[in-house]
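*Asks:* Just so you know, the protein sequences line up as chains A and B, in that order. Take 12 as the starting number for the first sequence in the numbering used here and just add one per residue. Take 12 as the starting number for the second sequence in the numbering used here and just add one per residue.
Everything labelled a hint here was simulated from the structure, so no lab data went into it. It should be emphasised that the depicted structure is a prediction, and the values quoted were computed from it without experimental measurement. Treat each hint with caution, since some may be false.
Where chains are identical, the list cannot tell them apart; a pair therefore holds if satisfied intra-copy or between any two copies.
[Unchecked claim] Here are the simulated DMTMM-like pairs of lysine to aspartate or glutamate, each with C-alpha atoms no more than 20 Å apart in a straight line:
1. LYS389 / GLU65
2. LYS61 / GLU143
3. LYS29 / ASP134
4. LYS453 / GLU37
5. LYS79 / GLU96
6. LYS27 / GLU37
7. LYS92 / ASP372
8. LYS15 / GLU234
2 protein chains.
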Amino acid sequence: MLPKGTRDLLPDDMAKRKYIVNAITEVFEQHAFRQIETPAIELNKTLSGKYGEEGDRLMFKVLPRGEKLNSLANQSIEFIKSNIEEALRYDLTVPFARMVVDQRNHINLPFKRYQIQNVWRADRPQKGRFREFTQCDADVVGPAGIIQEAELLHIYHRSFHTLNIPVEIRLNHRSLLQGLAELAGASDKLVAFTIGLDKLDKIGWNGVEEEWRQAGIPDIQPEVKELLLTKGTLEKLLPILEKALESIPSAKRGLLELRQLSSILSNAPLGNTALKLDLSLARGLNYYTGCIFEVSALGADMGSIGGGGRYDDLTGIFGWKDLSGVGISFGLDRIQLVMEQLNSFPNDIGLNAEVLFANMDEASSIIGFKLAQELRSKGMRCEVYPVAAKMKKQIDFAVKSNIPFLVILGENERLNQEVTLRNLATGEQSSFSQNDLYEKLK
Amino acid sequence: MLPKGTRDLLPDDMAKRKYIVNAITEVFEQHAFRQIETPAIELNKTLSGKYGEEGDRLMFKVLPRGEKLNSLANQSIEFIKSNIEEALRYDLTVPFARMVVDQRNHINLPFKRYQIQNVWRADRPQKGRFREFTQCDADVVGPAGIIQEAELLHIYHRSFHTLNIPVEIRLNHRSLLQGLAELAGASDKLVAFTIGLDKLDKIGWNGVEEEWRQAGIPDIQPEVKELLLTKGTLEKLLPILEKALESIPSAKRGLLELRQLSSILSNAPLGNTALKLDLSLARGLNYYTGCIFEVSALGADMGSIGGGGRYDDLTGIFGWKDLSGVGISFGLDRIQLVMEQLNSFPNDIGLNAEVLFANMDEASSIIGFKLAQELRSKGMRCEVYPVAAKMKKQIDFAVKSNIPFLVILGENERLNQEVTLRNLATGEQSSFSQNDLYEKLK
Numbered sequence: 012m013l014p015k016g017t018r019d020l021l022p023d024d025m026a027k028r029k030y031i032v033n034a035i036t037e038v039f040e041q042h043a044f045r046q047i048e049t050p051a052i053e054l055n056k057t058l059s060g061k062y063g064e065e066g067d068r069l070m071f072k073v074l075p076r077g078e079k080l081n082s083l084a085n086q087s088i089e090f091i092k093s094n095i096e097e098a099l100r101y102d103l104t105v106p107f108a109r110m111v112v113d114q115r116n117h118i119n120l121p122f123k124r125y126q127i128q129n130v131w132r133a134d135r136p137q138k139g140r141f142r143e144f145t146q147c148d149a150d151v152v153g154p155a156g157i158i159q160e161a162e163l164l165h166i167y168h169r170s171f172h173t174l175n176i177p178v179e180i181r182l183n184h185r186s187l188l189q190g191l192a193e194l195a196g197a198s199d200k201l202v203a204f205t206i207g208l209d210k211l212d213k214i215g216w217n218g219v220e221e222e223w224r225q226a227g228i229p230d231i232q233p234e235v236k237e238l239l240l241t242k243g244t245l246e247k248l249l250p251i252l253e254k255a256l257e258s259i260p261s262a263k264r265g266l267l268e269l270r271q272l273s274s275i276l277s278n279a280p281l282g283n284t285a286l287k288l289d290l291s292l293a294r295g296l297n298y299y300t301g302c303i304f305e306v307s308a309l310g311a312d313m314g315s316i317g318g319g320g321r322y323d324d325l326t327g328i329f330g331w332k333d334l335s336g337v338g339i340s341f342g343l344d345r346i347q348l349v350m351e352q353l354n355s356f357p358n359d360i361g362l363n364a365e366v367l368f369a370n371m372d373e374a375s376s377i378i379g380f381k382l383a384q385e386l387r388s389k390g391m392r393c394e395v396y397p398v399a400a401k402m403k404k405q406i407d408f409a410v411k412s413n414i415p416f417l418v419i420l421g422e423n424e425r426l427n428q429e430v431t432l433r434n435l436a437t438g439e440q441s442s443f444s445q446n447d448l449y450e451k452l453k
Numbered sequence: 012m013l014p015k016g017t018r019d020l021l022p023d024d025m026a027k028r029k030y031i032v033n034a035i036t037e038v039f040e041q042h043a044f045r046q047i048e049t050p051a052i053e054l055n056k057t058l059s060g061k062y063g064e065e066g067d068r069l070m071f072k073v074l075p076r077g078e079k080l081n082s083l084a085n086q087s088i089e090f091i092k093s094n095i096e097e098a099l100r101y102d103l104t105v106p107f108a109r110m111v112v113d114q115r116n117h118i119n120l121p122f123k124r125y126q127i128q129n130v131w132r133a134d135r136p137q138k139g140r141f142r143e144f145t146q147c148d149a150d151v152v153g154p155a156g157i158i159q160e161a162e163l164l165h166i167y168h169r170s171f172h173t174l175n176i177p178v179e180i181r182l183n184h185r186s187l188l189q190g191l192a193e194l195a196g197a198s199d200k201l202v203a204f205t206i207g208l209d210k211l212d213k214i215g216w217n218g219v220e221e222e223w224r225q226a227g228i229p230d231i232q233p234e235v236k237e238l239l240l241t242k243g244t245l246e247k248l249l250p251i252l253e254k255a256l257e258s259i260p261s262a263k264r265g266l267l268e269l270r271q272l273s274s275i276l277s278n279a280p281l282g283n284t285a286l287k288l289d290l291s292l293a294r295g296l297n298y299y300t301g302c303i304f305e306v307s308a309l310g311a312d313m314g315s316i317g318g319g320g321r322y323d324d325l326t327g328i329f330g331w332k333d334l335s336g337v338g339i340s341f342g343l344d345r346i347q348l349v350m351e352q353l354n355s356f357p358n359d360i361g362l363n364a365e366v367l368f369a370n371m372d373e374a375s376s377i378i379g380f381k382l383a384q385e386l387r388s389k390g391m392r393c394e395v396y397p398v399a400a401k402m403k404k405q406i407d408f409a410v411k412s413n414i415p416f417l418v419i420l421g422e423n424e425r426l427n428q429e430v431t432l433r434n435l436a437t438g439e440q441s442s443f444s445q446n447d448l449y450e451k452l453k
């Protein structure tokens with residue numbers, strides 16, 4: 012039995028996950044991102060307070076040990092809580108920021124890292140949501156250029172293209188949201204403005220307006236509403252925004268960066284991946300300071316399968332001020348579910364054995380083992396049945412395990428230095444010299 | 012800052028670890044082992060009591076959350092301890108046994124799995140020993156045949172051969188130790204007999220004899236001592252043991268299995284890997300019931316880099332009696348240290364970028380980005396400097412990051428649709444058409 016919200020990953024699931032991770036990893040490495048890992052256990056003071064009230068509630072903490080544990084007896088809950096020293100990784104971004112500061116003498120800027128590790132959140136488990144799950148992140152810190160955003164968009168495109176998932180990437184910029192809030196007379200209420208906007212998918216436009224009203228944001232002009240609700244390509248929407256926001260100082264950075272991004276991408280286009288500017292996209296506005304991305308799979312019934320953005324002060328919380336970072340994340344579990352929905356997995360990723368050597372008796376099994384080792388040394392995946400069980404049992408095992416071929420090596424075969432090879436799908440079989448086995452199978 | 016005994020793994024370390032893991036994984040898969048993962052967090056009742064007193068002391072436990080946490084206030088330490096529900100994975104074998112029982116309807120026997128995951132032990136940190144470290148295990152459960160032991164020995168051989176580490180595998184069998192204890196008149200004191208023997212490396216033969224004396228084991232006859240201290244090939248030692256132990260019932264199984272193993276391996280030899288029978292090898296005797304293995308690297312200053320054995324009742328603790336298992340483990344950290352000592356790593360595993368596109372100005376960087384994307388789509392690892400920094404700074408970055416080539420794309424190059432390619436090691440550079448860049452670099 013397992014703790015609530017955790018799971019075993021059996022071979023077929025693992026094969027799918029590895030297929031996804033390998034595809035993404037290859038794209039990361041082509042873009043000169045290199046892998047790092049941080050410990051599962053961080054100091055509690057590193058993590059606590061970094062993810063809001065929800066984070067502190069859902070974070071897994073580590074019980075003190077030894078004398079520290081004994082000192083918790085007969086103490087108030089406040090005392091117990093304030094004596095917790097360690098907690099489990101809750102995301103990959105905060106540990107990455109901590110690591111950049113700790114390892115500043117061992118890295119060169121711009122530093123591009125990818126990280127594929129599990130995180131733990133004691134959330135209410137539900138379909139597709141687990142308390143231990145894998146995050147795949149790519150981030151770069153150091154000198155900031157919009158080329159980095161373009162690169163990350165290309166990484167999304169190439170990864171999902173390789174994985175055979177058609178996607179749409181939605182894009183926004185914090186400075187445009189600031190500009191729109193200013194235009195709407197709510198520039199002093201940017202947080203409430205974006206929190207409301209972020210709920211658009213769930214509560215609709217009227218719900219958003221109601222939230223804004225309660226937050227004291229004045230009624231939105233129709234032309235601002237129209238901008239907020241428009242989605243479209245950069246080429247189409249950017250000129251409209253440049254006009255609408257030309258006199259709004261806070262929008263200047265956003266307009267400039269998106270114009271640069273548009274130039275880069277018109278020279279190096281994103282292929283069949285749709286990139287849409289969506290001014291209602293407001294995720295992560297409490298930490299993102301520049302571009303914001305969100306990816307959804309077209310034709311699949313699933314929320315976001317990736318997201319990211321620019322944070323101008325990634326490491327400030329750990330004492331290194333004004334170091335800019337920009338990054339993206341891939342949702343491994345959701346990508347797997349989407350690929351299952353869309354039938355995007357190839358058929359042959361399971362890495363089942365390609366051939367089973369049946370075990371007829373000790374003398375023959377010794378020859379079978381020798382032949383199996385020869386095939387294995389040539390890279391073939393082989394299985395040798397470990398005991399001389401009934402043939403039906405061995406064949407049943409092969410069929411259940413999706414092993415397509417059976418090698419039969421009885422006394423006759425052994426004495427004639429032959430093998431009999433049976434195709435378990437068709438039942439066809441033939442006998443030939445042991446020396447020819449690899450040629451016949453490969 | 013990090014908790015005691017934990018560490019960040021930076022790109023160069025990760026590259027080495029991945030190199031090792033990929034080599035071992037490929038061999039596992041050729042031998043029809045498939046990967047699984049189990050959760051980091053198991054129920055405390057699954058793990059506690061499974062690793063002796065030391066395990067219970069060193070295990071990381073998870074702090075209860077919410078109401079459960081509040082209920083710990085003003086309670087005795089016994090109450091607190093008995094209300095711990097979750098603990099972190101301490102090894103891979105117990106979770107594997109638990110998983111085999113939980114997932115019995117989803118697996119076919121014999122079930123061969125490999126698992127490469129971290130485990131946590133609050134041991135005193137020291138050089139090369141961390142509180143979070145990676146185990147790589149391959150085990151098979153189900154019908155038991157000595158072919159499985161032969162297969163695992165081949166996995167060791169092929170893995171270390173691929174990794175360019177010459178190794179010696181030491182082999183023993185619990186039944187032979189029982190036979191020797193019986194021969195020594197200590198058959199009722201097998202545990203004390205093997206605990207003493209296991210310390211031979213540390214305390215020498217006289218120390219072992221002293222331990223035995225204190226445990227009430229009678230003085231050992233010279234011929235038993237000689238057997239215990241002899242190491243040698245199966246071919247050489249087995250006939251001697253067969254003679255010495257022929258009348259000892261408890262040795263029968265060991266002699267039979269090693270004779271079978273010897274037949275298999277004489278047909279499918281272990282290449283340049285030395286296999287030695289070592290009757291003083293007594294590791295893990297509290298759980299191993301058949302063969303025992305231990306691997307050391309030749310010419311390296313390091314203890315065991317792998318070990319394993321047969322346990323006839325792997326899953327009994329979880330209610331599935333008499334299911335046999337046999338498995339081996341690879342010590343990833345120690346293998347990395349050995350390979351560094353022996354210079355066994357190839358030079359080109361770091362996956363640094365192969366080329367850096369310098370950033371001269373916005374217009375040229377747009378062309379550079381386009382060219383970089385073309386190279387990346389052909390599988391080349393490229394870096395584009397994100398901002399138009401001073402050339403010296405960009406070159407310094409390339410050199411520090413071990414990037415061998417620099418692409419320079421200034422206004423001249425852009426207007427002529429050329430690039431300048433500089434070899435940063437030699438300083439040589441030449442200019443040519445942008446269309447020829449891939450051909451020149453590949």
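*Asks:* Check each numbered hint against the structure and report the violated ones by number, ascending.
*Replies:* Of the numbered hints, 1, 3, 7 and 8 do not hold.
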